[in-house]
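Peer 1: Here are the chains, one letter per residue:
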Amino acid sequence: MNRGGGSPSAAANYLLCTNCRKVLRKDKRIRVSQPLTRGPSAFIPEKEVVQANTVDERTNFLVEEYSTSGRLDNITQVMSLHTQYLESFLRSQFYMLRMDGPLPLPYRHYIAIMAAARHQCSYLINMHVDEFLKTGGIAEWLNGLEYVPQRLKNLNEINKLLAHRPWLITKEHIQKLVKTGENNWSLPELVHAVVLLAHYHALASFVFGSGINPERDPEISNGFRLISVNNFCVCDLANDNNIENASLSGSNFGIVDSLSELEALMERMKRLQEEREDEEASQEEMSTRFEKEKKESLFVVSGDTFHSFPHSEWSFTFISSPSSHPTSSPGEIKTKPKEWLSCTSGGQDFEDDMIITSDVSRYIEDPGFGYEDFARRGEEHLPTFRAQDYTWENHGFSLVNRLYSDIGHLLDEKFRMVYNLTYNTMATHEDVDTTMLRRALFNYVHCMFGIRYDDYDYGEVNQLLERSLKVYIKTVTCYPERTTKRMYDSYWRQFKHSEKVHVNLLLMEARMQAELLYALRAITRHLT
Amino acid sequence: MGKTRTTSAEGRERQRLPARRFRTTSPAALRADSVDGGSLLAPLLGLTDRAFSDCPDLADGAMEKMSRVTTALGGSVLTGRTMHCHLDAPANAISVCRDAAQVVVAGRSIFKIYAIEEEQFVEKLNLRVGRKPSLNLSCADVVWHQMDENLLATAATNGVVVTWNLGRPSRNKQDQLFTEHKRTVNKVCFHPTEAHVLLSGSQDGFMKCFDLRRKDSVSTFSGEATEAGPWEWAMAGWVPVLPVLSCHILRLHHSFAHGPTQDAESTANGSRESWGCPLYPLGLCSGPQAGQSESVRDVQFSIRDYFTFASTFENGNVQLWDIRRPDRCERMFTAHNGPVFCCDWHPEDRGWLATGGRDKMVKVWDVTTHRAKEMHCVQTIASVARVKWRPECRHHLATCSMMVDHNIYVWDVRRPFVPAAMFEEHRDVTTGIAWRHPHDPSFLLSGSKDSSLCQHLFRDASQPVERANPEGLCYGLFGDLAFAAKESLVAAESGRKPYAGDRRHPIFFKRKLDPAEPFAGLASSALSVFETEPGGGGMRWFVDTAERYALAGRPLAELCDHNAKVARELGRNQVAQTWTMLRIIYCSPGLVPTANLNHSVGKGGSCGLPLMNSFNLKDMAPGLGSETRLDRSKGDARSDTVLLDSSATLITNEDNEETEGSDVPADYLLGDVEGEEDELYLLDPEHAHPEDPECVLPQEAFPLRHEIVDTPPGPEHLQDKADSPHVSGSEADVASLAPVDSSFSLLSVSHALYDSRLPPDFFGVLVRDMLHFYAEQGDVQMAVSVLIVLGERVRKDIDEQTQEHWYTSYIDLLQRFRLWNVSNEVVKLSTSRAVSCLNQASTTLHVNCSHCKRPMSSRGWVCDRCHRCASMCAVCHHVVKGLFVWCQGCSHGGHLQHIMKWLEGSSHCPAGCGHLCEYS
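Line by line, the protein sequences are chains R and X.
Residues in the first sequence are numbered consecutively from 1, following this note's numbering.
Residues in the second sequence are numbered consecutively from 529, following this note's numbering.
Don't read these hints as lab results, they were simulated from the structure.
Please read these numbers as outputs of a predicted model, since none were measured by experiment.
You may find that some hints are simply not true.
Straight-line distance between alpha carbons at most 25 Å, and here's what the computed DSS-like set of lysine-lysine pairs gives [claimed, not checked]: (1) R/Lys-134 x X/Lys-1409; (2) R/Lys-134 x X/Lys-1381; (3) R/Lys-134 x R/Lys-496.
Selected chain X positions facing chain R (Cβ under 8 Å, derived; list incomplete) [what the hints assert, rightly or not]: (4) Leu-663; (5) Met-931; (6) Asn-935; (7) Leu-1341.
Sample of chain X residues lacking proximity to chain R, with all beta carbon distances greater than 10 Å (derived) [what the hints assert, rightly or not]: (8) His-612; (9) Arg-656; (10) His-709; (11) Arg-711; (12) Gln-731; (13) Phe-869; (14) His-934; (15) Gly-1004; (16) Phe-1006; (17) Ala-1012; (18) Glu-1075; (19) Trp-1414.
Glycine is no exception: its CB is placed at the ideal position from the N, C-alpha and C atoms.
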């Protein structure tokens, strides 16, 4: 990170909102690239995380044991709010990156970079650029995809699909990778790569969803300029408000109604539990509920972005087509990601100096490719993925473990862990069975990827997940780079941060599993 | 068969009687006390009632019924052929009607009954009716009642259990709908003898028992395996008493607490483990996270025990339940690592339960014993989706797998490595298997994801056993040979006594039969071990040679001398001789070829004639040398030999002057070539002791004859020549003579003839043959050593592949003898790329920082985190970047050289810690 980042170029790596710009104008020397918050997360006050950390010997032990960088990075710090989970997370990650596997070490990190780049997650990219070099990767590769072997380049297609529309992966894609003469991937290699891709896509969700801050000391950069992009404005990152905008602090969102919100949620949960016995929805209704939920998720983001920030004086606009955005300066990406969320102001036109970094895009092709709602394109020819027909436990596990031994067990443990993790608390309440809530979160994510559980009543999702939460879920799993602190703050206001991190973990794992299921199903089809 | 079964069953019933009687007491009490419990318990009692009042009779009755069925069907012999039919959709499960003439296929979008006819399957009924198929019809499992031909049950993926009555007049045969499970139901199972009892196991972790005469479940069993704390007892107002004593009381309580209307939750909280454990100290009760019930993957009623059923779980546990006691399982054990997908009770052996899991194993348990005992374990190649015992074959079971592998295997559990039979018809994973008739072992039905239904005939199965190669052969490190083969084969062979006749192979033959032969006849094999003669054997020479040979780093002459000396000291005179000769060939100055020599080369190929002219012997007086030469040229080979032998102790096994026709030696050589090496030995019978010290460096002109030709029977030759005396013999002779030849010629080089020496190139062919000879003999050590020592001089004469082959064999041998250093040296010195890259594989040495204890990833001596140099030399205080040697006592250390030097002068640790370090 450029410490002397007072220069305009460093500042330009951020998309700036009107307010900040004003401030910037006033004080040119502000170090924009330096995050204004301290602590591992921009969303979570430092003391929350640190408190948990000092207590926890276990975390330190885990980090020593499994961390590849050997440091307690911010992700780990935030995750250490859930030590039980952290262990299985680190173990599986360590296994993918460091233990015996079909792919050479630098490859693994490069694949991680490719995966993270799909979501412009500079945090992960920086981390792995570093490790890539440490493990003996060829520095030239970091110049972009054109510089890597064809074999890795071939992975790009599946990376793209997996990240945004995994349901499009077919056995033809697999065949293309596996049977291409000299550049082909062996199946074990491919499975390893797929696991890595899915892991890092999902981790990017977590990073954005939890507002993970860049690592504090950038001395590890090895001369490669660290990419500092976070596609939200600095003020979004900020917790302490040295930017003059009082309305930004999330805390003064109506606390009053949030209390009742919580009560209402609890009430609904109780009712659902009781209702279950008597109320018997007809079969047709059940399936329409799924469709409805699927369809509804369509509108969730676009509609609510405006909605949920009534106090904001900004407007968020979608730049919906690549061509409509003329700003990319020479040498930057030509096509601007469609879903890029940027702040624009009403009166002034800042587009000239709004530069989106290209540092990330060199690791990807077709940056305009993004999530497209499953429902929207689900025009009959894209059948719903029936979860019972290809489950992780029965099918995914067996395949993964056969081709890349032992990772199956680690992932299995991780999925189980996250699915079963509970402290039986909800905000201030104790002794609550949160199974229903957790399942709703998990299945909602799968629903957005078109995976349907026959035995789940999708009506529950509607009842349990409020709109702002849905917005958050959708953003985090589908376009994580757009997550803002506001979204994070706007749902479940009474809940503890650790609980929100728990939500993030669930989203992350659900997403990873969904991607894996699609990819593995394609591989299975290729095999048969 | 039927008869014996009946009797044994009776025997069992008799044995079981006391137990039953003992138990009847409590249900009686239960019945009496539950009056106020009212009608809630009625259905349950409907079951227990009968069972308890006349349990043995009932069981016997069931038995009778069974045998009647048998006889009825025994009359009509099943016929059919291997056939298959296409379904419209992938099948998830199949089940056979008890008349063995119909099969039901169920899947996500298929639910049909097919009649099995002689030649084909005929669709009989489509049960999927209605305008819009609901999820209730998306079947995960189907089962046909074994007592009632009209009764079917399906488990739907949305958690509904549906029963079907084929006797209904309407088109829709759906009978009852149970929507009690919250998650997918994985399995349904009818009671084998009771008409109205249906059991289901679901993803939500509960098993429910339905009485088909009622609208809802009779009892719920929870797979939750959490241990109940004492507080639960306190809460319930119960006092934990000794389980055995409180048995009756408790049972009452539980029956009350878990009556039919009791909801699942309270059952889940019921305490059972604290009781289950002391009573049945079985496998680990490895419970999941608190409050989380494990998904049920399979439920099966015991065929023999009226009240028992088994359930298997996603976490690898198997539980045995008593249907009357929903409060806790009778026993629980961990059967597999990962989900247990299926289980099946043995149709005849009571208490035998086969389970199959994701860990690719099929295990057979005996649960009649105090502790569930694993009887057999079959390792398959993919996760096991279904397992079914084969009727009438006590040890056979059929399996199919969940993923990847599409075949159906029938295993004999006693032979867990090779399937007894294999059906390969399906193109996608097999999802359901069923034996067509409970007493006919030859018909197997299967449904698959590839949308087909198959009938397999056992006689059409492929039998992997037949394709397996039943012989195995392995050489031990010390020359022992083990050989395993079918017993019949060995028996036939041993009559020929193949080894006994060979006098030069004093091997004794030892045959160790595996005593644990579980089932002779099926696959019995004999293991034979041939050991080399103790004493005569041993590979000491190999190890010593490997360790002491010098391969590089000195002038060629020295290397040769050194190696010759080593060989001689080990009594391997021929080898020593070879080294000496190599030295002579390649290290003498002057390389003037003569016309005459060239001529003879052209004529004789690899013959030795020209060599006779170039004599040289380091130990020999020049005069003598010339003399011999003269003699030799006269053609008096015999005297020559004697002379040379005696004077030089170098073998002169003579020229192989076949082309030139020099009489005597040629004759004897020819004889040799014919194949009896023994003749070689006969040449100097007195050479019984190869280690005669005198042969080392005799100085006298005429010592005793030390004929070192062909080395006396060293151990290495024994095995080598064992195989085929003829072939190797002739080869050996030709090759062995070659070096000998050269030595001879060298011996006789005199100063006078110095100028007529040959260029080393000339010997290329010869040396090559020599190397081949050694390699052929099994002394690949010699071949490789010479190859390395001579380097470029010979490499070009030998093709790459052969070299590589020698190298790898030698390296392999070295490694088996754990001569790591030597093997590494060889690898390093080899020029073959394939070999030298052996050293480059996994050469990373991971180092942890000595301060922060974390791995140092980039460089081995600087820690990235604490920015300190990890290993400092205690002597020079600089960073050690290469070899770091440290004292294991005080952990100080440094550069190898420095420490060595330091410890020469002082015995204390250079770091000043006061430790007395030792360097060895």
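Peer 1: For each hint, tell me whether it holds in the structure or not.
Peer 2: Right, here's what the structure says about each hint:
Restraint check for R/Lys-134 and X/Lys-1409: the C-alpha separation of about 18 Å stays at or below 25 Å, so the hint holds. About 18 Å separates the Cα atoms of R/Lys-134 and X/Lys-1381, which keeps this hinted pair within 25 Å; it holds. As the CA atoms of R/Lys-134 and R/Lys-496 are separated by approximately 38 Å, the hinted pair breaks the 25 Å bound. Proximity of X/Leu-663 to chain R holds as hinted, the smallest CB-CB distance being about 5 Å (cut-off 8 Å).
Taken as an interface hint, X/Met-931 checks out: its beta carbon lies about 4 Å from the nearest beta carbon of chain R, inside 8 Å. Given hint, X/Asn-935 at the interface with chain R, is violated; its Cβ is 13 Å from that chain's nearest Cβ, farther than 8 Å. With its C-beta approaching chain R no nearer than about 28 Å, X/Leu-1341 sits outside the 8 Å limit, and its interface hint is violated. With a least beta-carbon separation of about 17 Å from chain R, X/His-612 lies farther than 10 Å from that chain, consistent with its non-interface assignment.
Separation of X/Arg-656 from chain R is adequate, the least Cβ-Cβ distance of about 13 Å exceeding the 10 Å criterion. For X/His-709, the non-interface assignment is contradicted: its Cβ lies about 8 Å from the closest Cβ of chain R, within the 10 Å cut-off. Annotated as non-interface, X/Arg-711 brings its C-beta within 10 Å of a C-beta of chain R; the closest such distance is 5 Å. Here X/Gln-731 does not stay apart from chain R, with its beta-carbon only about 7 Å from theirs, under the 10 Å limit.
X/Phe-869, annotated as away from the interface, has a beta carbon of chain R within 10 Å; the closest lies near 7 Å. Its closest Cβ contact with chain R, about 7 Å, brings X/His-934 to no more than 10 Å, contrary to its assignment away from the interface. The Cβ of X/Gly-1004 lies farther than 10 Å from every Cβ of chain R, with a closest approach of about 31 Å, so its non-interface assignment holds. Its beta-carbon lying about 34 Å from the closest one in chain R, X/Phe-1006 satisfies the requirement of being farther than 10 Å from that chain.
Taking the minimum C-beta to C-beta distance to chain R, about 30 Å, the non-interface status of X/Ala-1012 holds against the 10 Å cut. Once the 10 Å rule is applied to beta carbons, X/Glu-1075 is consistent with being away from chain R; the minimum gap is 34 Å. Here X/Trp-1414 stays apart from chain R, with its beta-carbon at least about 23 Å from theirs, past the 10 Å limit.
When each numbered hint is compared with the structure, violations occur for hints 3, 6, 7, 10, 11, 12, 13, 14.
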